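Participant: Given next are the chains, with one letter for each unit.
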Amino acid sequence: MIYLDNTATTLRKPPCVAQAIVQAMETMGNAARGAHGSALDAGRTVFEARVKLARFFGCPDPSHVIFTANSTEALNIALFGLFSPGDHVISTDLEHNSVLRPLYALEREAGLAVDFVPADSRGKVDYTAFSALVRPSTRAIVCTHASNLTGEMLDLHEIAAVARQHNLLLVVDASQTAGAVPIDMAALGVDVLCFTGHKGLMGPQGTGGLCIRPGVEIRPWKRGGSGVQSYSPTQPAEYPTRLEAGTLNSHGIAGLSAAVDFLTETGVETIARHEAALTRRFYAGVRDIPGVMVYGDFAEVRRAAIVALNVRDYDSGAVSDALSETYGIATRPGAHCAPRMHRALGTVNQGAVRFSFSWYSTPEEVDAAIAAVREIAAP
Amino acid sequence: MLRKTLSLIITFDATVQAMAAESCLQALGLPGRLIPVPREITAGCGLAWKAPPEAQERLRAALENANIPASGYHVLMV
Numbered sequence: 059m060i061y062l063d064n065t066a067t068t069l070r071k072p073p074c075v076a077q078a079i080v081q082a083m084e085t086m087g088n089a090a091r092g093a094h095g096s097a098l099d100a101g102r103t104v105f106e107a108r109v110k111l112a113r114f115f116g117c118p119d120p121s122h123v124i125f126t127a128n129s130t131e132a133l134n135i136a137l138f139g140l141f142s143p144g145d146h147v148i149s150t151d152l153e154h155n156s157v158l159r160p161l162y163a164l165e166r167e168a169g170l171a172v173d174f175v176p177a178d179s180r181g182k183v184d185y186t187a188f189s190a191l192v193r194p195s196t197r198a199i200v201c202t203h204a205s206n207l208t209g210e211m212l213d214l215h216e217i218a219a220v221a222r223q224h225n226l227l228l229v230v231d232a233s234q235t236a237g238a239v240p241i242d243m244a245a246l247g248v249d250v251l252c253f254t255g256h257k258g259l260m261g262p263q264g265t266g267g268l269c270i271r272p273g274v275e276i277r278p279w280k281r282g283g284s285g286v287q288s289y290s291p292t293q294p295a296e297y298p299t300r301l302e303a304g305t306l307n308s309h310g311i312a313g314l315s316a317a318v319d320f321l322t323e324t325g326v327e328t329i330a331r332h333e334a335a336l337t338r339r340f341y342a343g344v345r346d347i348p349g350v351m352v353y354g355d356f357a358e359v360r361r362a363a364i365v366a367l368n369v370r371d372y373d374s375g376a377v378s379d380a381l382s383e384t385y386g387i388a389t390r391p392g393a394h395c396a397p398r399m400h401r402a403l404g405t406v407n408q409g410a411v412r413f414s415f416s417w418y419s420t421p422e423e424v425d426a427a428i429a430a431v432r433e434i435a436a437p
Numbered sequence: 028m029l030r031k032t033l034s035l036i037i038t039f040d041a042t043v044q045a046m047a048a049e050s051c052l053q054a055l056g057l058p059g060r061l062i063p064v065p066r067e068i069t070a071g072c073g074l075a076w077k078a079p080p081e082a083q084e085r086l087r088a089a090l091e092n093a094n095i096p097a098s099g100y101h102v103l104m105v
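First to last, the protein sequences are chains A and B. The opening position of the first sequence corresponds to residue 59 in our numbering, with each subsequent residue numbered one higher. The opening position of the second sequence corresponds to residue 28 in our numbering, with each subsequent residue numbered one higher.
Okay, chain B solo, but in the shape it has when bound (with noise of 0.2 Å):
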């Protein structure tokens, strides 16, 4: 069984630019990681971030003083 929990999912257009976030956020030490994109948001083939839903703002001030675009923040169960 599969257990779901609320979580901040944040999506890029290209992998480049996930590969590009995990480097940032694992240098800074904070939470999360790289998981297949929930199709909740896309079916197509990609990496999201994975993180709990309390470290959105850290995540999202980290991705822009680094420049990394994220196409989307998303809370949802997965």
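Next comes chain A alone, as it looks inside the complex (with noise of 0.2 Å):
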């Protein structure tokens, strides 16, 4: 199988992740919950993932970086806990269901008010429009550092520049980006970093988390055991345990943390050449077969490693559903979670197929990708 489905998940990690998993259990008790030596491993283990990923992101300290299941819970903790009612944050037509449902659900039930920057039809905003909808009870902006269905890529440095000049937050989903491009939330202005782990950190499904900049109180999304404090009838307030209620997948964030060595020793910006030379590769491998339509501006130098596209007016549940049985390549097809970006892109009727790279696609991939591409859209 060729494997071109990475913005949904990397199926291909790097060895030590899979070695370090299975290491962990083997030999891991449960981090923060005693002190005999299998706890005290977990504790260690947990704890130097949280030292690699504070340095791998710019995060200046390693107690405010939280380990959550996905990015959907990271967002989820940092929206529900950062806004009150009478608030208003600032989004994008590009985001992912993982930030719009939750604002839209802050929106119904916690009065908290929305505007979104469109994007228009080949899913670009004008960063002008940002500073156009702040408003006395702006608090935030909350965005995607790149669409996952078009790769298209948010200028934080422009984003960040409104949001200081406004005094926001700035809440990144990094999804898209983690791993694969290089962070640095500080330099950038960030505030709050959502990442998964399963993307392109190459680390296990059912790992991820959010980076706060110190400072920034966010309040607990849950509560239960922590391992301290158990008299206490409220939930501790020191980062990181006042988001991290119950056992940590342990074992799953010492895989993550062996990807993050992996990723730190191979270097991001290597990684992101090779990504962004693969999507180009694609792309001007696709873009002037007839009948194939392109989503996105891929006059941009920067960009996630995805390309969108669609073949005549067919469904694009059966150009990926032929992709995979006549050719063995593994695409998505249909609403890729991002109903707003659809609209902008006009595809809601027919979805699109997209086309993701990792560090394990080669060039022999993606030329057997455009050639298939070529042969469903022959006449």
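Note that these hints are calculated values from the structure, not bench results. It should be emphasised that the depicted structure is a prediction, and the values quoted were computed from it without experimental measurement. Careful: at least some of the hints might be erroneous.
Taking CB as the label site, the calculated pair distances span [what the hints assert, rightly or not]: (1) B:46 <-> A:180: 49 to 59 Å; (2) B:104 <-> A:223: 48 to 58 Å; (3) B:96 <-> A:240: 44 to 54 Å; (4) B:33 <-> A:371: 17 to 27 Å; (5) B:33 <-> A:325: 28 to 38 Å; (6) B:87 <-> A:335: 48 to 58 Å; (7) B:46 <-> A:406: 22 to 32 Å; (8) B:85 <-> A:69: 27 to 37 Å; (9) A:67 <-> B:43: 16 to 26 Å.
Sample of chain B residues at the chain A side, in silico, Cβ under 8 Å [as the list claims (entries may be wrong)]: (10) 28; (11) 64; (12) 65.
A virtual CB, placed ideally from N, CA and C, is assigned to each residue, including glycine.
Combine both chains into one complex, guided by the hints.
Facilitator: What follows is the structure, given as structure tokens:
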């Protein structure tokens, strides 16, 4: 199989990831529960992972790296824990449902006001629109780093400048970029960075987290066992315990930690160049095929390793099914949990076939995918 | 070029039902496979069971017998 659905999850991981998980399952107890050797082993592994991720993302304090099951949980924790009735936030049409649905719920149930910076038919935003939407009650800008549908990257420098100017928090969904693009949240001016472990970071599913700038206060989203302050009726106030009730996925975190080692040794810039080259190669190969419509602006140098397209008026599901059944190429069709972006692109009915590349994708795989698209598009 | 054939498409309200259907129908050796839901039916995320139209009654009986609810049985060109 040629696996080109890396935006859903990276299938191939560095071998050290599985090895670390197996070792953790065979040796580790429960982090922060007791002080015997295996509990301390787990505690050390989790702590080391926090230190590595803090360094990796430019988070000034490892205690402000919070582990979650995925980006969605991280975003829910951030969005439900930051805002109060009467607050206003600015988001964008590029967002995934992991941002949209929490915001819509807060709008319906908790008196939050939300405005969206529109995307045009290429999925691009006008950065002046962020400032234009600021009101006295605006608390934050909540945005993705890159569209999961087209790969369009938002310029966080531009957006952070608006946030700074108006004293707003900047909450970023880095699901599509963490591990694939260098991110330094302190240098960028990001206040809360939400990431998942199983995509560009090449760790296991069930891992993710948020990095919080010191000074940003997020209310607990869940409450429960913490291993400390057991007689307190309230969740401890200290990060990370404040946001990590319950036993952590320490086995998965051990795998994620090994993945971060691999990324650090390999170099994220090296990975980004590899993925960008494959993306450009695929785009160059399909853009002029008669009947193929590619979405997004490929004049942009920085973008996530995604190419979304349609072939003629074919159902994107039928194209993806043919790619899988006839050519052994795995892609994702249909609606990509990004309803506002599909409306902007005009692909609500057809959906789109999404090809996405990883460190382990090869030029030969890209060329096979181009040839398959050409055959499917032939009259 | 995509070639379309007249097919039975069985849809489900939830992915868990589609997975249960696959498990049930494969165990019984009945024909078909999971595909992305065709847009003629819905544009949302989801899976459907595609099979030859003549298998409809056998498939329906198997799913009903296993208490696996399908949301629709469609015969169309896909």
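Participant: Against each hint, give a clear statement of whether it holds in the structure.
Facilitator: Hints versus structure:
1. B:46 <-> A:180: 49 to 59 Å: violated (37 Å)
2. B:104 <-> A:223: 48 to 58 Å: holds (56 Å)
3. B:96 <-> A:240: 44 to 54 Å: holds (48 Å)
4. B:33 <-> A:371: 17 to 27 Å: Cβ of residue 33 of chain B to Cβ of residue 371 of chain A: about 19 Å, so the range 17 to 27 Å holds.
5. B:33 <-> A:325: 28 to 38 Å: Violated - the Cβ-Cβ distance for residue 33 of chain B and residue 325 of chain A, about 53 Å, lies outside 28 to 38 Å.
6. B:87 <-> A:335: 48 to 58 Å: Check passed, 50 Å falls within 48 to 58 Å.
7. B:46 <-> A:406: 22 to 32 Å: At roughly 27 Å between Cβ atoms, residue 406 of chain A and residue 46 of chain B fall inside 22 to 32 Å, so the hint holds.
8. B:85 <-> A:69: 27 to 37 Å: Given about 35 Å between the Cβ atoms, the range holds.
9. A:67 <-> B:43: 16 to 26 Å: holds (19 Å)
10. 28: Where the cut-off is 8 Å and the nearest Cβ of chain A is about 5 Å from residue 28 of chain B, the hint holds.
11. 64: holds (6 Å)
12. 65: Hint holds; residue 65 of chain B Cβ to chain A Cβ min 6 Å, cut 8 Å.
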